[in-house]
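Given the coordinates of chain A, assemble chain B onto it according to the supplied hints.
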Amino acid sequence: MSNMNNIMMKGMNKIMLSCDKATYLITRNEYEKLNYTNRVQLSMHLVACKYCRRFAEQSEYITEQLNKLKDPKSQDFSICLTENQKNKLNTAIENQIDNR
Amino acid sequence: MSKANLNKTNKSDDANPSEWVNKYGDYLYIYAYSRVQSKELSEDLVQETFLSALKGLSSFRGDSTVQTWLTSILRRKVIDHYRKMSTRKETVASKFASPFQNEDDNEGHWIMERVPKDWHSDSEDPLRQDEFQKILELCLSLLPDKWKSVFMLKVLEEMRSDEVCKEIGCTASNLWVIIHRAKLQLRECIEIKWVK
Chain A
235 MSNMNNIMMK GMNKIMLSCD KATYLITRNE YEKLNYTNRV QLSMHLVACK
285 YCRRFAEQSE YITEQLNKLK DPKSQDFSIC LTENQKNKLN TAIENQIDNR
Chain B
7 MSKANLNKTN KSDDANPSEW VNKYGDYLYI YAYSRVQSKE LSEDLVQETF
57 LSALKGLSSF RGDSTVQTWL TSILRRKVID HYRKMSTRKE TVASKFASPF
107 QNEDDNEGHW IMERVPKDWH SDSEDPLRQD EFQKILELCL SLLPDKWKSV
157 FMLKVLEEMR SDEVCKEIGC TASNLWVIIH RAKLQLRECI EIKWVK
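These protein sequences, in sequence, are chains A and B.
All residue numbers in the first sequence are consecutive under our numbering, ending with 334.
All residue numbers in the second sequence are consecutive under our numbering, ending with 202.
FYI, nobody ran anything at the bench for these hints, they're computed from the structure.
A few of these clues could be false.
Stated by the list, open to error - Quick look at which bits of chain B chain A covers, simulated, 3 or more residues with Cβ under 8 Å:
| id | region |
| --- | --- |
| 1 | 21-35 |
| 2 | 112-126 |
Stated by the list, open to error - With a cut-off of at most 20 Å between alpha-carbon atoms, the simulated SDA-like pairs for lysine to any residue come out as follows:
| id | chain 1 | residue 1 | chain 2 | residue 2 |
| --- | --- | --- | --- | --- |
| 3 | A | K307 | B | E137 |
| 4 | B | K172 | B | I85 |
| 5 | A | K255 | B | R120 |
Using N, Cα and C, we set each Cβ at its ideal position, and we do this for glycine too.
Excised from the complex, chain A in its bound form:
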């Protein structure tokens, strides 16, 4: 019986994704449509694995925050050029105009 279980487990492992592969597909799925087999495998894995479900949620949250990070309009203005930096930039521009 335990032998039978072993064989079944091995068979299941072939069908079921590892968490490594599942998290790979979760990330890839954010940018590309997965093929049918991968979609089915991933949803089966997510039903069974709470840690990968957590990973999927967190991955989505990280992507959301990355989108905020890259939008200059949503940045707070604690980051801006100092007067000193502005002067340096203006000087560089003027120098190049004079050299033309």
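Quick look at chain B alone, frame taken from chain A:
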């Protein structure tokens, strides 16, 4: 005044290089910073952008706004920065410590000590969200150079995979493995530094 004339007037004002720093400096600086997470480098990139724009000023036809035009030049500078970064030899050999087991029976399953923890109480608190942005920047900067380059071009610049590979010199499957590992490392870094 007709609309066409109005646009022309705006163009000549906005395209005056002596006004660039005042009008677009901060916007470009924030744009650069949001992509490279270094103030020093952002300043350099903005300066290079203005100087390239001066050289190409005669080719600016006013089809887009000056800001859009300058941003597209800066975006190219950011991509060039990551292209150069990806070919740099890593000073510290980056060894990926996978959070997954490699023994036969459990191969590819989470190592128990490194499974994702529950983030709910942290991600729902608005104050902790501000802190998240800072930690995210820090953890991005800790990625190995090559991974960071691939990750930034694909995820932040939203370039197509083949475009990223053209810049960085990677294969399509290699690209996804790098992004997968970068995401795993980023997630764990955030968890260690942010989740209470």
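Count the residues of the region 21-35 of chain B whose CB lies closer than 8 Å to any CB of chain A, then report whether that count reaches three. holds (count 9)
For the pair supplied as a hint, A/K307 and B/E137, confirm whether the alpha-carbon distance does not exceed 20 Å. holds, 18 Å
Does B/K172 pair with B/I85 here, judged by a C-alpha cut-off of 20 Å? holds, 11 Å
How does the region 112-126 of chain B fare against chain A when you require at least three residues with a CB closer than 8 Å, holds or violated? With 9 residues in contact (Cβ-Cβ under 8 Å with chain A), the coverage given for the region 112-126 of chain B holds.
Would the pair A/K255 and B/R120 pass a check requiring their Cα atoms to be no farther apart than 20 Å? holds, 16 Å
Violated hints are absent here; each numbered hint is respected by the structure.
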